[in-house]
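Residue strings, one per chain:
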Amino acid sequence: MPLVRIDLRRGKSPAYRKAICDGIYRALRETFSVPEDDRFILVNEHDADNFSYAPSYLGISRTNDLVIIQVTVSDTRTVARKKALFARVASLLAQNPGMREEDVFINLVEVKKENWSFGNGIAQYVEAN
Amino acid sequence: MPLVRIDLRRGKSPAYRKAICDGIYRALRETFSVPEDDRFILVNEHDADNFSYAPSYLGISRTNDLVIIQVTVSDTRTVARKKALFARVASLLAQNPGMREEDVFINLVEVKKENWSFGNGIAQYVEAN
Amino acid sequence: MPLVRIDLRRGKSPAYRKAICDGIYRALRETFSVPEDDRFILVNEHDADNFSYAPSYLGISRTNDLVIIQVTVSDTRTVARKKALFARVASLLAQNPGMREEDVFINLVEVKKENWSFGNGIAQYVEAN
Chain S
68 MPLVRIDLRR GKSPAYRKAI CDGIYRALRE TFSVPEDDRF ILVNEHDADN FSYAPSYLGI
128 SRTNDLVIIQ VTVSDTRTVA RKKALFARVA SLLAQNPGMR EEDVFINLVE VKKENWSFGN
188 GIAQYVEAN
Chain F
68 MPLVRIDLRR GKSPAYRKAI CDGIYRALRE TFSVPEDDRF ILVNEHDADN FSYAPSYLGI
128 SRTNDLVIIQ VTVSDTRTVA RKKALFARVA SLLAQNPGMR EEDVFINLVE VKKENWSFGN
188 GIAQYVEAN
Chain P
68 MPLVRIDLRR GKSPAYRKAI CDGIYRALRE TFSVPEDDRF ILVNEHDADN FSYAPSYLGI
128 SRTNDLVIIQ VTVSDTRTVA RKKALFARVA SLLAQNPGMR EEDVFINLVE VKKENWSFGN
188 GIAQYVEAN
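Residue numbers (this note's numbering), protein chains in the order written: chain S, 68 to 196; chain F, 68 to 196; chain P, 68 to 196.
Bound conformation, chain S alone:
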């Protein structure tokens, strides 16, 4: 059910971008108990002048490799699980594709369980079927 939007500067290889998607999906599986195969990820690549970021906000040194990850999820996770997600995403993306953890920006948008339809016009999470 998470819907993931990834925004980054243009120029990374398909393998690099796939590693980011894979890492986020794996972190969601491990920390948010997202079901297997529940993977919907959109990537937007930007030219430099359409990607504006703070290079040192909160004392964190960011580079042009910054990746902004916005995840829409159901509003069922505790603060502890959110912290676990953030840590796991940063750790996995540091492993592969080898990102700096400073360059991993994550934001969660929470919605009600009834706000999803995964196909066929049905609100699967609140239907009997």
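To be clear, the hints were calculated from the coordinates, so they are not data collected in a lab.
Quick caveat: nothing in here was measured; it's all calculated off a predicted structure.
Treat the hints loosely; a few may be bogus.
A pair holds if it fits inside one copy or across any two, identical chains being indistinguishable in the list.
Below 30 angstroms or equal to it, Euclidean Cα-Cα: the simulated DSS-like pairs (lysine-lysine) are [what the hints assert, rightly or not]:
| id | residue 1 | residue 2 |
| --- | --- | --- |
| 1 | K180 | K150 |
| 2 | K85 | K150 |
| 3 | K150 | K179 |
| 4 | K150 | K79 |
| 5 | K179 | K85 |
Fit chains F and P to the supplied structure of chain S, relying on the hints for placement.
What follows is chains F and P alone, placed relative to chain S:
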């Protein structure tokens, strides 16, 4: 007031994409009582490696024709109306442009009525004017 | 902490788009007390057939210069501050790059303070550090 974001694979004709926009707008009018002419729809077309989806999550068979629709709306609708929206969008997109209902993914993000400004720097839904 | 998404028609100069980003950032600083250097702004440029808008909804006359601004922020602002933000953004964008105030569309998506990680896998707004 709904702000609609549509994400899909690149390659569909303008007429096909317009039919999707028209169907969503009509479904919002019919099921969410959205006012006439209240239509703000953004479409993002993706290359294959920037559009990752689950081909069978929840037993629904999805294809490359999958369309991911994220609608930001005021938080005033019941579960019943949300179900009606989902069903109507899928039904209308099946009619035109002839999509498979399995390929219609919808997510709602709800916000307060005061969170909109439709121009002129005014929060129209909470202003006296 | 605000994450800003700007959607507009393709064709505006880098300077024009930068002026929009600068104006929004300044308005957020002034009306939402956003910290200095807290600036994360994504711009998406669309072809005409991927940017559908209501030309006169609520009696406001919009043109192809319409800019749709969606700001994800923590849920800590009053209605009065939101109204101030809307007014300030419209006013600043009218000054530079010289937009019509009718063409400034703004939507706020509010999230909990714990929903942000600005790097290093930490939820900075709820951590002791």
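- Message: At most 30 angstroms between alpha carbons: which applies to K85 and K150, within, between, both or neither?
- Response: within (23 angstroms within a copy, 34 angstroms between copies)
- Query: Using 30 angstroms as the alpha-carbon threshold, which applies to K150 and K179: within, between, both, or neither?
  - Reply: For K150 and K179, the Cα distance is within 30 angstroms both inside one copy (20 angstroms) and across copies (13 angstroms).
- Message: I want to check one pair: K150 and K79. Are their C-alpha atoms no more than 30 angstroms apart within a copy, between two copies, both, or neither?
- Response: within (27 angstroms within a copy, 40 angstroms between copies)
- Between the shortest in-copy and the shortest cross-copy C-alpha distance, which are at most 30 angstroms for K180 and K150: within, between, both, or neither? both (21 angstroms within a copy, 12 angstroms between copies)
- Query: Between the shortest in-copy and the shortest cross-copy C-alpha distance, which are at most 30 angstroms for K179 and K85: within, between, both, or neither?
  - Reply: Both: 29 angstroms inside a chain and 29 angstroms across chains, each within 30 angstroms.
Going down the numbered hints, you'll see the structure goes against none, and every one checks out.
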